[in-house]
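A.B. asks: Residue numbers (the numbering used here), protein chains in the order written: chain A, 271 to 448; chain B, 19 to 186; chain C, 570 to 981.
Bear in mind the hints are in silico, worked out from the structure with no lab data behind them. Predicted, not measured: the structure shown is a model, and the values here were computed from it. One thing to keep in mind: the hints can contain errors.
Unchecked claim - Taking lysine-lysine and the BS3-like style, the derived pairs with C-alpha atoms no more than 27 Å apart in a straight line are:
hint	chain 1	residue 1	chain 2	residue 2
1	C	K901	B	K167
2	B	K69	B	K167
3	B	K167	C	K767
4	C	K860	B	K167
5	A	K360	C	K767
6	A	K293	A	K360
7	C	K727	C	K767
8	C	K763	C	K683
9	B	K110	C	K675
Stated by the list, open to error - Stretch by stretch, here's where chain A covers chain C in the computed footprint (C-beta under 8 Å, at least three residues):
hint	segment
10	726 to 740
11	790 to 796
Using N, Cα and C, we set each Cβ at its ideal position, and we do this for glycine too.
Letter by letter, the chains look like this.
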Amino acid sequence: MVKQAAMPPGYEGPGFFATTMDKTIGLARANSLWPLPFATSCCGIEFMATMASNYDLARFGMERLSFSPRQADLLMVMGTIAKKMGPVLKHVYEQMAEPRWVISVGACASSGGIFDTYSVLQGIDHIIPVDVYVPGCPPRPEQILDGIMQIQDLAKNESLRRRNLPEYQALMEKYEIK
Amino acid sequence: MTSIDNTYLLQLVQEKLGDDLHHAAESFGVLTVEINRHKNIELLTFLRDHKELQMAFMTDLCGAHFPENKNKELAVIYHMHSLVNNIRLRIKCFMPETEQIIDTASIEFPTANWMERETFDFYGIKFKGHTNLTRILNMDSMTYHPLRKEYPLEDATREDKEDKFFGR
Amino acid sequence: MSNIANIFDNNKVAKTGETSKESISGEFTTLNLGPTHPATHGIFQNILKMDGERIHSSEQTIGYIHRAFEKLAERRPYTQVTPITDRLNYCSSPINNIGWHLTVEKLIQAEIPKKVDYMRIIVMELARIADHIICNSVIGVDTGAMTGFLYIFQWREKIYDIYEELCGARLTTNVGRIGGFERDFTPELHKRLKAFIKDFPAALTEFSNLLERNRIFMDRVIGAGPISADRALAYGFTGPNLRAAGVDYDVRVMNPYCSYNDFDFTIPLGTQGDTYDRFMVRQQEMWESLKLIKNAYENMPEGDYHADLPDFYLPAKDEVYHNMEALIYHFKIVMGETKIPAGEVYHSVEGGNGELGYYLISDGGRTPYRLHFRRPCFIYYQAYPEMIKGSLLSDAILTMSSMNVIAGELDA
């Protein structure tokens, strides 16, 4: 069943509708996120299940997976990120254009999970900022969907100027991302 | 025709190596021989080319570290399998830490290529004659060989774990 | 003008597996395939030296998801190694789990009831189907046929449902215990399993109809990435990839475990060792697995769902809460305080993509002294440059997906 997205609050009269720019753009962004699946291991298989017919990611306006970071808004990191992979992940993140969101799927991406070992990065938030963490080893598709809906929420309610705020700049500086 | 079993296999190895066969035992149906490490390729190719035995399939190659075992600290362990006769053989080559070098099997057995690189990565055992003996799983910048017993498993950068709770 | 003629010439030698004599323009392009490339299904890097569309040579880098399984296993009591094995080939975790249990059972020389064997066969063969579904549907996706993937994946979900009823997890199952299973098949599981046995053949037939004799698909995959039986053996190939090259080596038949010798099943073989053969071998194996599941299910003997191994088999939870002895055993097992004989053992099972071996050295301590996994992916992936040499880039992608390289298993 196709459901229409709810109209943002605004003024409606005969032949016109007025609302803020923030709200309109937020609405558009939230419902047409282009995710970049950065699937490395087990969670990637659960993502495949999320993408496939039973759970159907396309319902969230995410029909098109963007494998090029330059056209993606949402970086989905799924699976263990080893230290060898760390620089690659950061590189991918740096190539994405603003606005960009990051969802860290699974225990490994969020904290290293059961792999507290010499070769595994103990959470991707050591190298890039993360917006939503999805726990689980691996999380169920429902959980991944819930995480995506939270990203949609963020996208919908974010002020257009957030990326210019000093706090945001400071955050990027902390991660040494230009 | 002689039946091909562990006794026959041991006899073959004995005839081939003589004094270079240091020890032999059977564990869970698999004959395990400990040999002089300089004879490894000689034995492997002999078993492979033996008309009857045809032990040509290298199932596995791995390293091991026994720090207590003086002068035999490091080991390279081969698992050979004869697909024709369905018999396995485990070959162990021990070496002292001071002289951790062994001849490569990767020329004769292409499959050994990466397994030797892995063993080098994990234990620092050098394979003489290997064409590209570099780290395979870890980063090139790594300075130690992590599977040796003296190195810790845990990630050293982690600050949120209190040692006493995690038995470190 | 001469350049154009050359291009046509090169097309004629397509898929012969030989490099064209010389480069069209006299120079090579370097192409980075990976570590994050949509078509690699996992993270490994291939630096390709391209002569136009054709691959001249390639160089692999792996280790991007090295998680130190072997070191981790040296620090964990025997029961706690099972979750690590889950994450080796995560498309068919139950096979890895049960393989590990079998290894420990071999070391402690446990006697396992027949019923456990049959239950294990059912679970492992389900896992094999789940594994082959992923591999084969992904080959379809890579040739541009998304339908097959969307269609057959529902059946993977049904297998997940069965796993869930058995152990509570979908993907990283951690199924079973040393000595058997934590619980018997529940009535709900029987229902789901029966439904699966009944309905899956129709689904698989439809999937086969979509691809097996599809002209476009066949043209794409026949002759892509071939390997001869000799080279495959030299490179240590096992599993469907070796069988596609025409060697009938299957651990289930050669060194039967889990009473596989009670059943009659065929080992499908290919002849060319190319992508189509690998695809077809996996297709046929799914049918064989289904037959095995059906046979094992129908002939399931009466008995207990676990062996009598108080030192290793975790007691039931309600007993732990109400029975002193069970509590003590639970504690001993979880802390790894039970006695285990010293010794070394190699055990292998037929994993989703080959001989999955466990080489365990025990010194009698609470954890394995050394545990080495013989990971089929790691061993056969080194043949990749040889298989794609001289082929087109698009064939190389198909070759990779048909080899079913699973990053978790590759990098350990």
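A.B. asks: Failing hints, ascending?
C.D. replies: Violated hints (numbers, rising): 2, 3, 4, 5, 6 and 11; every other hint is consistent with the structure.
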